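Trainee: Listed here are the chains, written in short residue letters.
2 protein chains.
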Amino acid sequence: MQTVIIGSGNVAYHLAKALVENKIPPAQIFGRNEKELKAISQELNIPYSTKNLVDSDIYLICVSDHAVEDVSELIAKKDSVVAHTSGSLPIDILKGDYRKAVFYPLQTFSKLKKIEYSKIPFFIEAENEEDRKVLFELASAISENVMESTYEKRKYIHLTAVFACNFVNHLFSRAKEISDSQEIPFDYFLPLIDETVRKIHEIEPKSAQTGPAVRNDRRILELHEKLLKDESLAIYKTMNHSIQKMYEL
Amino acid sequence: MQTVIIGSGNVAYHLAKALVENKIPPAQIFGRNEKELKAISQELNIPYSTKNLVDSDIYLICVSDHAVEDVSELIAKKDSVVAHTSGSLPIDILKGDYRKAVFYPLQTFSKLKKIEYSKIPFFIEAENEEDRKVLFELASAISENVMESTYEKRKYIHLTAVFACNFVNHLFSRAKEISDSQEIPFDYFLPLIDETVRKIHEIEPKSAQTGPAVRNDRRILELHEKLLKDESLAIYKTMNHSIQKMYEL
Chain E
3 MQTVIIGSGN VAYHLAKALV ENKIPPAQIF GRNEKELKAI SQELNIPYST
53 KNLVDSDIYL ICVSDHAVED VSELIAKKDS VVAHTSGSLP IDILKGDYRK
103 AVFYPLQTFS KLKKIEYSKI PFFIEAENEE DRKVLFELAS AISENVMEST
153 YEKRKYIHLT AVFACNFVNH LFSRAKEISD SQEIPFDYFL PLIDETVRKI
203 HEIEPKSAQT GPAVRNDRRI LELHEKLLKD ESLAIYKTMN HSIQKMYEL
Chain B
3 MQTVIIGSGN VAYHLAKALV ENKIPPAQIF GRNEKELKAI SQELNIPYST
53 KNLVDSDIYL ICVSDHAVED VSELIAKKDS VVAHTSGSLP IDILKGDYRK
103 AVFYPLQTFS KLKKIEYSKI PFFIEAENEE DRKVLFELAS AISENVMEST
153 YEKRKYIHLT AVFACNFVNH LFSRAKEISD SQEIPFDYFL PLIDETVRKI
203 HEIEPKSAQT GPAVRNDRRI LELHEKLLKD ESLAIYKTMN HSIQKMYEL
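These protein sequences, in sequence, are chains E and B. For the first sequence, our numbering begins at 3 and goes up steadily by one. For the second sequence, our numbering begins at 3 and goes up steadily by one.
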């Protein structure tokens with residue numbers, strides 16, 4: 003089975019690298035950004051092209067959501083499985099005369115950060131059992147956590163990830179803004195943050211909740227509101243309201 | 003120098019344990035909850051009492067914020083330093099004829115979770131240089147990260163921690179609610195969450211932001227809003243608005 007990766011961003015790079023590390027290197031990495039492709043090609047020792055897409059059994063489209071449809075039209079090989087890697091696009095965003103699928107890695111990728119590929123959950127969708135099996139095996143070569151999915155399910159997976167990852171990161175940004183304003187190094191908070199996350203590996207997050215809102219400590223809540231303004235104040239109020247609703251305070 | 007711990011909750015337990023592990027066991031653990039005190043006393047092999055507070059050089063008050071003032075009135079020894087361990091109370095909440103101080107460990111404590119005490123930042127306040135030095139040394143026996151503070155600074159430290167810890171945990175609770183509704187195991191998201199946090203040990207959170215809001219992906223934002231309601235919808239809108247303001251989108 004031969005695989006081609008389309009794209010040159012973080013997902014393309016890490017999937018290509020994961021395949022190379024597992025001794026099933028992609029036959030080609032294809033895209034528009036020659037500089038990026040060349041860098042990936044040299045690092046991973048795989049061919050690249052910006053012009054001629056090679057024939058392959060599997061194509062993994064690893065481009066931004068808004069570009070998936072256009073890119074999918076470039077693939078002419080009929081006897082192939084074409085999978086996009088988006089958490090939020092339906093399978094039929096793919097436009098071409100081939101078998102369609104989804105190959106969604108639930109992880110946040112940065113080019114410079116090393117990732118333990120074996121722990122990344124992969125969610126697979128395909129139009130038929132045979133393709134599902136092929137993609138399941140491909141993902142299983144990379145990861146221990148491979149599951150079938152549906153578009154409906156994937157929408158909620160993506161939404162959960164937005165709360166648990168994107169929003170969490172934004173809270174770190176707003177927290178850092180507060181500590182920066184007082185010249186308190188944000189690094190001081192890393193042990194606390196690490197512990198907050200270690201906890202939920204063992205305890206339900208609902209049981210792990212601490213802080214003034216769940217204690218219904220009006221004095222602190224009012225004091226804090228006076229220290230905040232604009233978006234941070236809006237977040238403070240919205241989060242506290244949600245905490246108090248969850249615990250019926 | 004002799005230390006007494008007052009309280010039998012998570013902070014009391016972990017401070018007592020940290021002192022025992024560093025071979026400066028408290029002379030006594032004192033409080034109202036005999037059952038808890040007895041358990042801590044047996045585990046750590048230190049005396050406890052619910053009635054007679056022994057004389058000591060240092061008293062560390064490790065009780066809930068609302069109980070600190072009352073508890074502080076129980077201490078009769080004049081030649082002593084009494085420190086509370088709260089992130090949010092002023093030093094003069096302490097009511098008694100002794101020298102007052104603050105000994106604030108910036109960490110979230112659960113009784114059952116092991117904690118690497120040497121990494122916990124401690125913030126010290128005292129009324130005079132000598133007491134500051136004594137408490138600084140006591141904290142330094144436990145941790146590598148001991149710093150002087152002020153009440154003003156401590157308010158912002160606590161507020162930063164609310165964003166980076168309490169609110170983050172609540173996002174995990176709301177995320178789990180979403181994944182539970184679709185029978186998707188929340189464990190699938192732990193590698194993603196771990197990676198989100200590992201990232202900010204190396205990159206500024208502002209540079210690490212991903213997700214539909216920072217990409218200004220209207221299609222996904224609207225799709226997600228349709229999947230949510232009540233508090234989770236309010237969080238979704240507030241967080242996205244804040245992200246888009248931060249990146250001037």
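Hints in this document: simulated from the structure, not taken from any laboratory. If you're wondering where the values come from, they're calculated on a predicted model, not measured in any experiment. Among the clues, some could well be false.
No distinction is drawn between identical chains; accordingly, a pair holds when it is met within one copy or between any pair of copies.
Taking lysine-lysine and the DSSO-like style, the derived pairs with C-alpha atoms no more than 27 Å apart in a straight line are [to be verified]:
| id | residue 1 | residue 2 |
| --- | --- | --- |
| 1 | Lys-102 | Lys-135 |
| 2 | Lys-208 | Lys-115 |
| 3 | Lys-135 | Lys-79 |
| 4 | Lys-208 | Lys-113 |
| 5 | Lys-247 | Lys-231 |
| 6 | Lys-53 | Lys-25 |
Trainee: State for each hint whether it applies.
Mentor: Against the structure, the hints:
1. Lys-102 to Lys-135: within (13 Å within a copy, 68 Å between copies)
2. Lys-208 to Lys-115: Intra 30 Å, inter 16 Å, cutoff 27 Å: inter-copy only.
3. Lys-135 to Lys-79: within (20 Å within a copy, 75 Å between copies)
4. Lys-208 to Lys-113: Close across copies (16 Å), not inside one copy (33 Å); limit 27 Å.
5. Lys-247 to Lys-231: For Lys-247 and Lys-231, the Cα distance is within 27 Å both inside one copy (23 Å) and across copies (13 Å).
6. Lys-53 to Lys-25: within (26 Å within a copy, 69 Å between copies)
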